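Please build the complete structure, drawing on both the sequences and the hints.
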Amino acid sequence: MKTEFTQAELEQLEARFQARIDAEEKIEPKDWMPAGYRKNLVRQISQHAHSEVIGMQPEGNWITRAPSLHRKCVLLAKVQDEGGHGLYLYSATETLGVSREELIEALHEGVAKYASIFNYPALTWADIGAIGWLVDGAAIVNQVSLQRTSYGPYARGMVRICKEESFHQRQGYHIMMTLARGTAEQKAMAQDALDRFWWPSLMMFGPHDAESAHSAQSMKWKIKRQTNDELRQKYVDQSVRQAEVIGLTIPDPALKWNEARGHYDFGEIDWDEFNRVINGNGMCNRQRVAHHIKAHEDGAWVRDAIAAYESKKSRRAGAAAAQGEMSCQTI
Amino acid sequence: MSDHMKLFEVFIRSRRGLDHKHVGSLHAEDAQQALEYARDVYTRRSEGVSIWVVNSSDIVASQEGDCESFYDPLDDKPYRHATHYQLPEEVNNM
Ligand SMILES: [Fe+2]
Ligand SMILES: [Fe+2]
Ligand SMILES: [Fe+2]
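From first to last, the protein sequence lines are chains H and A. My numbering puts the first sequence at residues 53 to 383. My numbering puts the second sequence at residues 6 to 99.
Treat the hints with caution; some may be incorrect.
[Unchecked claim] Cut-off 25 angstroms, straight-line C-alpha distance, at most; resulting in silico cross-link-like pairs (SDA-like, lysine to any residue):
| no. | chain 1 | residue 1 | chain 2 | residue 2 |
| --- | --- | --- | --- | --- |
| 1 | H | LYS286 | A | VAL96 |
| 2 | H | LYS82 | A | VAL54 |
| 3 | H | LYS124 | H | ALA236 |
| 4 | H | LYS286 | A | TYR90 |
| 5 | H | LYS274 | H | VAL196 |
| 6 | H | LYS274 | A | GLY22 |
| 7 | H | LYS124 | A | HIS86 |
| 8 | H | LYS82 | A | SER55 |
| 9 | H | LYS274 | A | SER55 |
| 10 | H | LYS82 | A | SER19 |
| 11 | H | LYS215 | A | ASP80 |
[As the list claims (entries may be wrong)] If you only want the chain A side, here are some residues facing chain H, beta carbon under 7 angstroms, derived:
| no. | residue |
| --- | --- |
| 12 | ARG21 |
| 13 | GLY22 |
| 14 | TYR84 |
| 15 | ALA87 |
| 16 | TYR90 |
| 17 | PRO93 |
| 18 | GLU95 |
| 19 | VAL96 |
| 20 | MET99 |
[Claimed, not checked] Using C-beta positions, here's what the derived DEER-type ranges look like:
| no. | chain 1 | residue 1 | chain 2 | residue 2 | range |
| --- | --- | --- | --- | --- | --- |
| 21 | A | VAL46 | H | GLU76 | 25 to 35 angstroms |
| 22 | H | ASP281 | A | ARG21 | 23 to 33 angstroms |
| 23 | A | ASP71 | H | GLU320 | 53 to 63 angstroms |
| 24 | H | ASP281 | A | SER19 | 28 to 38 angstroms |
| 25 | A | SER67 | H | LYS308 | 48 to 58 angstroms |
It should be emphasised that the hints constitute simulated quantities derived from the structure, not laboratory data. Note that the structure is predicted; figures quoted are calculated from it, not measured. Here a beta-carbon is modelled for each residue, glycine too, at the ideal position from N, C-alpha and C.
Here is the structure:
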């Protein structure tokens, strides 16, 4: 494929690319795309992949302590799904010409980000309920929208992931519902988890549209299909009733139905906290990355063994080929 | 003829944004020829916008007979499905 273009050619390619996007057509890996589009996608999809994988930590932490065998099976299945989601997304990123190794390195060096929510600890069993209900719930709102993203492999990955996500939120809500209908102590535990996870869940949608660094360009390229604020509003609107039904209270005194807007009004996010966590100083940032590095290093022997096996195989194949040549010569 | 013409499997993307789907196979001398044959044989009614051809011998497939050991353990995991969780009517669209 041709890689050097004149300015005029480049403009023509860009115009054709944007026309394709405007016509709601997907972009596929072998298509020409602007360098910025590719870079933006690598950043967003790899960040999404890292979130799936880092997100396994707070929940994985509770697998051995789940209160029943059934809840343990469910949590194990969910965490397993998240690992699979990481795989789909890393693979989608690799279609853009980066390697998995580079992406993992960027995560370990703190260059690549992941969803800030996973820097909050899961302190009680109710937190596992809150994570499924609220965190997966917020992720689903985002991912449903991304099913229409302009990059084909990402869009198809989202369709697959959304299908698998469907039980994640419901199992979390089911945990919350069970606790909320339990003893006063259990209900208090559920409320406490909601209190701690509500605001960080709203932060998952990112900064306000006006402040979002990548938003405008991402919308034009249809990498994103709805803005941060639109998605956040949708999430708040659906969550209010869900909390009411199980008798829990969303910790926001400003939360109020706005008849004129047809939406709930809600309070302002603590952006200082948001920035603190995003910039590496949340409760668990260091622990999350350190744990990932340790798991990666502990697994080095597996990668070494694969490499050793590969070189042994190719040595043997080489030797066999040489043997074949020798016997030909003697004939 | 098939003694020296390799078999290729053909996959077609019918529309941008969709997966390539297996449509059939054909014999060809090499990948380039397989691509041209695939165009002639499988896309005469503009069935596709993109074609993949893969050497049939490069495909590793599980056998239906392996089904039990491959998939059986999944039958007792109904909790992987959304319908397993009974929620109140008002929030059941979750
Ligand atoms: Fe996920
Ligand atoms: Fe999930
Ligand atoms: Fe996710």
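Taking the least C-beta to C-beta distance, is MET99(A) closer than 7 angstroms to chain H? Result: holds, 6 angstroms to nearest chain H Cβ.
Take the C-beta atom of ASP71(A) and the C-beta atom of GLU320(H), compute their distance, and say whether it sits inside 53 to 63 angstroms. holds, 57 angstroms
Can the hint on TYR84(A) be confirmed by a CB-to-CB distance to chain H that is less than 7 angstroms? holds, 5 angstroms
Double-check PRO93(A) for me: the hint is only fine if its C-beta lies closer than 7 angstroms to a C-beta in chain H. holds, 5 angstroms
Restraint satisfaction for GLU95(A) [CB to CB of chain H, less than 7 angstroms]: holds, 5 angstroms
Quick check on the hint: VAL96(A) CB to chain H CB, less than 7 angstroms? holds, 5 angstroms
Take the C-alpha atoms of LYS82(H) and VAL54(A), compute the straight-line distance between them, and say whether it is at most 25 angstroms. Judged against 25 angstroms, a Cα distance of about 12 angstroms means the pair holds.
Checking one constraint from the list: CA of LYS124(H) to CA of ALA236(H), max 25 angstroms. Satisfied? Given that 25 angstroms is the threshold and the Cα spacing comes to 24 angstroms, the pair holds.
Holds or violated: are the alpha carbons of LYS274(H) and SER55(A) at most 25 angstroms from each other? holds, 22 angstroms
Restraint check for LYS124(H) with HIS86(A), where alpha carbons must lie at most 25 angstroms apart: holds, 16 angstroms
Look at the Cβ atoms of VAL46(A) and GLU76(H) and judge whether their distance stays inside 25 to 35 angstroms. This hint holds: roughly 30 angstroms between Cβ atoms.
With a cut-off of 25 angstroms on the C-alpha distance, tell me whether LYS215(H) and ASP80(A) pass. holds, 18 angstroms
Going down the numbered hints, you'll see the structure goes against none, and every one checks out.
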